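Enquirer: Sequence:
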Amino acid sequence: MTNPVEDMICVEADGLTLEIGVAPGAAALDGKLGPLIASAITAANKAAGQAHGAVTVVVDDDERVRALNKLWRGQDKPTNVLSFPSPDTQPGPERTLGDIAISYETAAREAEAEDKSFADHIAHLSVHGFLHLLGYDHESDADAEEMEGLEREILARIGVADPYVAHEAEG
Numbered sequence: 001m002t003n004p005v006e007d008m009i010c011v012e013a014d015g016l017t018l019e020i021g022v023a024p025g026a027a028a029l030d031g032k033l034g035p036l037i038a039s040a041i042t043a044a045n046k047a048a049g050q051a052h053g054a055v056t057v058v059v060d061d062d063e064r065v066r067a068l069n070k071l072w073r074g075q076d077k078p079t080n081v082l083s084f085p086s087p088d089t090q091p092g093p094e095r096t097l098g099d100i101a102i103s104y105e106t107a108a109r110e111a112e113a114e115d116k117s118f119a120d121h122i123a124h125l126s127v128h129g130f131l132h133l134l135g136y137d138h139e140s141d142a143d144a145e146e147m148e149g150l151e152r153e154i155l156a157r158i159g160v161a162d163p164y165v166a167h168e169a170e171g
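For what it's worth, our numbering labels the leading residue of the sequence shown as 1, then goes sequentially.
Please keep in mind that the hints were generated in silico from the structure rather than gathered at the bench. Treat the hints loosely; a few may be bogus.
As the list claims (entries may be wrong) - Simulated crosslink set (BS3-like; lysine-lysine; CA at most 25 Å straight-line):
id	residue 1	residue 2
1	K32	K46
2	K116	K32
3	K116	K77
What the hints assert, rightly or not - Across the chosen pairs, the derived CB separations fall in these ranges:
id	residue 1	residue 2	range
4	G31	R109	18 to 28 Å
5	S140	G31	38 to 48 Å
6	T17	A47	15 to 25 Å
7	G49	E19	33 to 43 Å
8	H138	P87	28 to 38 Å
9	G149	P85	32 to 42 Å
On a predicted model such as this, the values are computed, not experimentally measured, just so you know. Beta carbons are placed, not taken as given, at the ideal position from N, Cα and C, and that holds for glycine.
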């Protein structure tokens with residue numbers, strides 16, 4: 001994992017410490033990804049109940065995310081977002097909530113295929129990944145409805161259209 005990170009920001013807000021690294025290829029697509037991701041995760045944290053701790057987000061290419069997906073999930077393919085929640089056993093205020101990895105290449109392809117803006121799709125993936133760190137899941141229909149409902153609420157608060165409308169219309 002030696003890919004350089006062009007844009008690295010650290011944001012502290014409402015009990016969260018966010019460290020966000022954006023690879024050069026992602027920054028070339030949108031130079032404001034760091035602040036966009038920070039805004040989306042901060043909004044998600046407010047809506048989900050104010051978790052406290054540190055979150056690291058890396059936005060990188062398919063190759064790096066594929067390697068993480070293979071190592072941690074046994075799936076040798078890129079994916080749009082991966083979340084790595086930290087164990088609940090960490091004591092104290094310096095708790096790490098976990099890490100999020102987003103593939104900007106997969107996100108860009110999906111945004112184009114779904115006729116969404118790249119920025120809106122990255123905001124959605126950031127919210128989705130963060131909710132996974134908080135324990136939300138979509139393994140059952142009931143869990144998916146709860147998580148997607150919260151995602152819709154959060155994204156509406158930051159001006160992002162409902163990301164599930166097209167999927168529901170398709171079936």
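Enquirer: Need the list of violated hint numbers for this structure, in ascending order.
Expert: Structure breaks hints 7, 8 and 9.
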